[in-house]
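Model the placement of chain G with the ligands on the given structure of chain A, informed by the hints.
Top to bottom, those sequences are chains A and G. All residue numbers for the first sequence refer to full-length UniProt numbering, where the first residue is 1 and numbers rise by one. All residue numbers for the second sequence refer to full-length UniProt numbering, where the first residue is 1 and numbers rise by one.
It should be emphasised that the hints constitute simulated quantities derived from the structure, not laboratory data. The C-beta atom is built at its ideal place from N, Cα and C for all residues, glycine as well. Any given hint might turn out to be false.
Unchecked claim - Among chain A residues calculated to face chain G with C-beta under 7 Å, some are: (1) Y4; (2) F7; (3) V243; (4) K251; (5) P253; (6) G300; (7) G303; (8) Y310; (9) P311; (10) H315; (11) P344; (12) F400; (13) H401.
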Amino acid sequence: MQRYSGFGLVKHALGHHENWERQWRNPEPKKRYDVIIVGGGGHGLATAYYLAKEFGVKNVAVVEKGWLGGGNTARNTTIVRSNYLWDEAGRLYNHSLDLWKGLSQDLNYNVMFSQRGVLNLGHTLQDMRDIQRRVHANRLNGIDSEVVTPQQIKEIEPQLDISSRARYPIMGASWQKSAGVARHDAVAWGFARGADALGVDLLQNTEVTGFKIRDGKVLGVHTNRGDIEANTVGCVAAGNSGVLANMAGIKLPLESHPLQALVSEPLKPILNTVTMSNHVHGYISQSDKGDLVIGAGIDGYLGYGQRGSYPTIEHTLQAIVEMFPMFSRVRMNRQWGGIVDTCPDACPILSKTKVKGLYFNCGWGTGGFKATPGSGHVFAASLAKGEMHPIAAPFSIDRFHTGALIDEHGAAGVAH
Amino acid sequence: MFYIFCPYCKEHREEEEFHARGQAHLMRPSDPDNTSDEEWGDYLFFRNNPRGIHHEMWVHSVGCRKFFNITRNTVTYDILETYPMGEQPTITAATPDVRHEQGVQVADGGWQTVGARSENKALNEETSS
Ligand SMILES: Cc1cc2nc3c(=O)[nH]c(=O)nc-3n(C[C@H](O)[C@H](O)[C@H](O)COP(=O)(O)OP(=O)(O)OC[C@H]3O[C@@H](n4cnc5c(N)ncnc54)[C@H](O)[C@@H]3O)c2cc1C
Ligand SMILES: [Zn+2]
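Just chain A, with the same shape it has in the complex (with noise of 0.2 Å):
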């Protein structure tokens, strides 16, 4: 691999940028792996990559449909933030975010980790009690978060409206410091590029259409380019997951939606940190490129088309005007939609099933980007020792029998 560095950058324009190599091979799929990865989006790349990096397992494979990252990695709205309000998802977002921190180096790839903090808005006394509580839960955590008045927010983003005119007005909120963005499609791209250095083979264009299970195992997948064997297989596939759990027989409590994002013209920098507001349902944070990148709930049905509906691109800017009456004239330039796959607890599901070295890790619904490479590190641990990692043990399957929900619909809300 030919690592990055300022030098090769001043190197690479002498030679007018003709000579950068490939990021990663395009390989024939071999017959068998020691582990397989169903889904080449972020978490699925991340999983692939620390199996190699940290956990001496090279001979892997990542399945993917289409290309690289092309799933909801590329729709999201990059928002990187820890301050859950529960233990358990609290230790595997803020273990995430940990690795975030060093995430550049370790990949040699600059993914863009912005640490610019995310402001989560309260506009009535219940937001602010349930504000309060979480930043409390955070703070036993050790997870950075703090409560801060109006007048505080107004020096954090003096754009935002904290009048008493508003419909809506401000009464405070919670602000995590060390929160973010990061560039989506770097972290998808440099996770590959690791992960096929350290020899994972990355194959694009190969559907998974269904397993191969003899006795209560798995012995391999089915694709749409041939049969490929492996003894352990993680399926990381978001909105998808649902459908490749039935192709095992087995059922999943997700519901797959359609959620949107829209971006707006380039600005000159206007925006200094993530605003979020659950109350008035939007939220907005400004690209290093200019754009305004803007966002809200999902869509009410059930929908594995890629787009959502109108009213629910006017319901979001709604809010973003509510919120900063300025942006009333800012033209938008693009928008479109991801599958996510919303799960009751809005936590996700990192588990075994009841086929044996077969694993899930889904249920990120609109939230995952964050957690990608805490998802991707402890997944690959899990699959690497053949038992759960105890950051992700709270996460299985079964506490939709057991009744052991962690539930974090407050902590998620709009916010993703």
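Below, chain G with the ligands alone, put in the same frame as chain A:
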């Protein structure tokens, strides 16, 4: 954007008048005292999530405020029929004609699987999995 026929108002109205309320025809366990954790969990949390034909409940929330059912393709978003509460769908994934027309693939065990990729003929052939 959906344009939905309410079987009570007997009119097509815009999507914004309605709310999707999840899978239709769910039955509460009839003998709660003798229902296992497994059965309760399934009833409360596990839903069909087909990539294909789905029967779902909607409410005409700013119209007549009544609940009714829709059969819809979750990939093309085509609404195939709407029918009042208490009635059964006339169009299902088990109907070969519908399956073919809607590009839906059904695996062993009756699950709908990959299907509904009408641009990719090969994957729409019925295969066992
Ligand atoms: C509009 C939007 C905004 C979001 N905003 C945020 C945010 O601000 N912060 C945040 O943390 N999260 C956010 N999310 C959620 C986040 O994008 C996801 O949780 C995360 O990216 C999931 O990553 P993944 O790798 O699991 O899934 P994906 O990137 O979707 O990858 C799954 C892959 O599996 C492949 N696949 C599916 N079926 C098969 C098959 N049969 N065979 C082979 N391959 C298959 C797909 O092609 C896909 O590439 C947002 C999502 C959306 C849609
Ligand atoms: Zn009506």
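Here's how the hints hold up against the structure:
no.: 1; hint: Y4; in the structure: violated, 37 Å
no.: 2; hint: F7; in the structure: violated, 46 Å
no.: 3; hint: V243; in the structure: holds, 5 Å
no.: 4; hint: K251; in the structure: holds, 5 Å
no.: 5; hint: P253; in the structure: holds, 4 Å
no.: 6; hint: G300; in the structure: holds, 4 Å
no.: 7; hint: G303; in the structure: holds, 6 Å
no.: 8; hint: Y310; in the structure: holds, 5 Å
no.: 9; hint: P311; in the structure: holds, 5 Å
no.: 10; hint: H315; in the structure: violated, 9 Å
no.: 11; hint: P344; in the structure: holds, 5 Å
no.: 12; hint: F400; in the structure: holds, 4 Å
no.: 13; hint: H401; in the structure: holds, 4 Å
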